[in-house]
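Novice: As a plain string of letters, each chain reads:
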Amino acid sequence: MEAAEPKAIEVTDLTVAYQDKPVLWDIDLDVPPGVLLSIVGPNGAGKTTLIKAILGLVRPAAGNVLIYNKPYEVQRRIVGYVPQRGSVDWDFPTNVLDVVMMGRYGALGWVRRPGKSERELAMQALEKVGMEAYTTRQISQLSGGQQQRVFLARALVQDATVYLMDEPFQGVDATTERAIVTLLQELRANGKTVVVVHHDLQTVTDYFDWVMLLNIRRIASGPVNETFTPDNLRETYGGRLAFMKTDK
Amino acid sequence: MENLSTLIHLDYTLMIVGIGAALLGSVSGALGTYAVLRRQSLLGDAISHAALPGIAIAFLLTGSKTPLILVLGAAIAGWLGTLLIMSIVRLTRIKYDSALAIVLSTFFGFGLVLHTLIQRTGNANQAGLDTFLFGQAATILARDVLTIGILGGIALIVMLIFWKELKLLVFDEGFAASIGLPIRALDILLTSLLVIAIVLGLQAVGAVLMSAMLVAPAVAARQWTNRLRLMVFLAACFGALAGVSGTIISSTMSRIPTGPTIVLCATVVVGLSIAFAPNRGLVWNRIRQQRHRHGLKTAADGLLKQSQQRSE
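These protein sequence lines map, in sequence, to chains A and B.
Read in order, the letters of the first sequence correspond to residues 1 to 248 in this note's numbering.
Read in order, the letters of the second sequence correspond to residues 249 to 560 in this note's numbering.
For the record, the hints were derived by calculation from the structure and aren't laboratory data.
A few of these clues could be false.
What the hints assert, rightly or not - In silico DMTMM-like pairs for lysine to aspartate or glutamate, Cα to Cα no more than 20 Å straight-line:
(1) B/K412 <-> A/D91
(2) B/K412 <-> A/D89
(3) B/K343 <-> A/D20
Unchecked claim - Far from chain B, by Cβ distances over 12 Å, these chain A residues were calculated:
(4) V23
(5) L29
(6) N43
(7) G63
(8) S117
(9) E120
(10) G144
(11) Q170
(12) E186
(13) D200
(14) I216
(15) I219
(16) N225
(17) D231
(18) N232
Glycine included, each C-beta is placed from N, C-alpha and C at the ideal position.
Please build the complete structure, drawing on both the sequences and the hints.
Specialist: Here is the structure:
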């Protein structure tokens, strides 16, 4: 049918289990290049696990993941990753610039230290996220929103084609949220593919053009206007969706 | 005058012992930084306790007390203990702290049994093996210092070579894995470096308290700096300081075990750092809080006055 265009991300029959409990069940997902896709679903739906499985950080019980038709191991350089902000200890003794330069470690390879060009790339990325004034700031002295921007800057210096972001809007202030949205749209305008784990249903239609509804199984995925329907949402969230207003 | 010459004579032994203690203090201090930052402070305890049977087995097999052989035995046992902990956590539902406790006590118990057996055999050569329990720095000879210097130096060089990779591993393991760093191999490398640091200190500090030499200098160093590089350097300095002062005190006073003395010295450094370090120290915090409260009060007074004026 439309087989000509390569998929940015292609997940087939993916099943992940922790111990004997399935966290993801038989997931299929095709992400075309250049879309801004949000993964939504209730707590424990496996959103983070899906991101980690795509990145090869958790080993699937079954299934397959391809990035532009090749396995992740050979496509690392074109994939950027923003982990959940809460996954690291922000009291680690380092500063903002150092953390952002970590985004270049993959390209640097073993043993080589980051130098002047890495520093410049990091500065540019920090300017893009509006954090250029904080380069030497100890990371424990950042607000939640600032920490998130630092993580985004680190992903930007990876200079990737596909970005995977785990809850970048988690606990950030309104200014940061707007800055991140602008940044995401800029990435898409430059032809990048961005996958974002998201939890705020109210903003899905405003921020994203594709959506995947996930609750251990894939409920639906596709363009927001076709996929983000009350029926699909009800199926994803069960009866817990009374608060959602439908605008139609 | 005569006093002075005995002092100088005493100094040679003391100097050897001091150099040895400084070396092992700095190696364990520097590498302990990573254990502390990874919240694996207790791993050092497990390794040092697990190393004990290795010393006994090495002695039983070779009948020799050559430091290199005993250190090798200790290292192998310590390393096996660590691998066992890692696999228990990975393969079973037993949690990390329980796995640590199981391995630590089993290995240590086994080590104690072996040491008792060795003592029973009445082997004249066995005297001195029990220094590995509480440490006796006075037993450090020039060849021990050489062993500590070479092995410790290698461990520190490896740490410097993989500086960037280890830093990322400790700070953000998920991201490190996503860019293709072999997390498990780096984990084993880092643990092996810890094992080296620990077994080098066993003779002087002893299995029971060696982990303090990993943890205390790093905890103290964290108080003074926000940079990893400086933290590792400071931890090495603090470790050396505690090592030297502890050994000298224990060597000059008759037959005090060195381990506890060194640990007490390290504790003093930690105590001073927690109290007085700028920014993170308790004293500074108190002063800052007071200023804050004062500032807030003035601001509140100002606001109150404004609103009163407005309402008039």
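Novice: Take the hints in turn and mark each one as holding or not.
Specialist: Verification of the supplied hints:
Note on B/K412 and A/D91: the hinted pairing holds, with a Cα-Cα distance of about 18 Å set against a maximum of 20 Å. For the hint linking B/K412 to A/D89, the alpha-carbon distance of about 17 Å falls within 20 Å, and the restraint holds. Between B/K343 and A/D20 the CA atoms are separated by roughly 17 Å; this keeps the pair inside 20 Å, and the hint holds. Taking the minimum C-beta to C-beta distance to chain B, about 16 Å, the non-interface status of A/V23 holds against the 12 Å cut.
With 12 Å as the threshold on Cβ separation, the claim that A/L29 sits away from chain B holds: the shortest Cβ distance comes to roughly 18 Å. At roughly 19 Å from the closest C-beta of chain B, the C-beta of A/N43 stays outside 12 Å, upholding its exclusion from the interface. Listed as outside the interface, A/G63 is consistent with that label: its C-beta sits roughly 19 Å from the nearest C-beta of chain B, beyond the 12 Å cut-off. Every Cβ of chain B is farther than 12 Å from the Cβ of A/S117; the closest lies at roughly 15 Å, confirming the non-interface assignment.
Non-interface status of A/E120 relative to chain B is upheld: no Cβ of that chain comes within 12 Å, the nearest being about 18 Å off. Every CB of chain B is more than 12 Å from the CB of A/G144 (nearest about 17 Å), matching its label as outside the interface. Interface exclusion of A/Q170 from chain B stands, the closest Cβ pair being 15 Å apart, more than 12 Å. Non-interface call for A/E186 relative to chain B: holds, since the shortest CB-CB distance, roughly 22 Å, exceeds 12 Å.
With a closest Cβ-Cβ approach of about 23 Å to chain B, A/D200 is found to remain outside the 12 Å limit, as its non-interface label requires. With 12 Å as the threshold on Cβ separation, the claim that A/I216 sits away from chain B holds: the shortest Cβ distance comes to roughly 22 Å. For A/I219, the non-interface assignment is confirmed: its Cβ lies about 26 Å from the closest Cβ of chain B, beyond the 12 Å cut-off. The beta carbon of A/N225 is kept farther than 12 Å from every beta carbon of chain B, the shortest such distance being approximately 32 Å.
The claim that A/D231 lies off the interface holds: its Cβ sits roughly 35 Å from the closest Cβ of chain B, which is beyond the 12 Å cut-off. For A/N232, the shortest C-beta to C-beta distance to chain B comes to about 30 Å, beyond the 12 Å cut-off, and the non-interface label holds.
Of the numbered hints stated above, none is contradicted by the structure.
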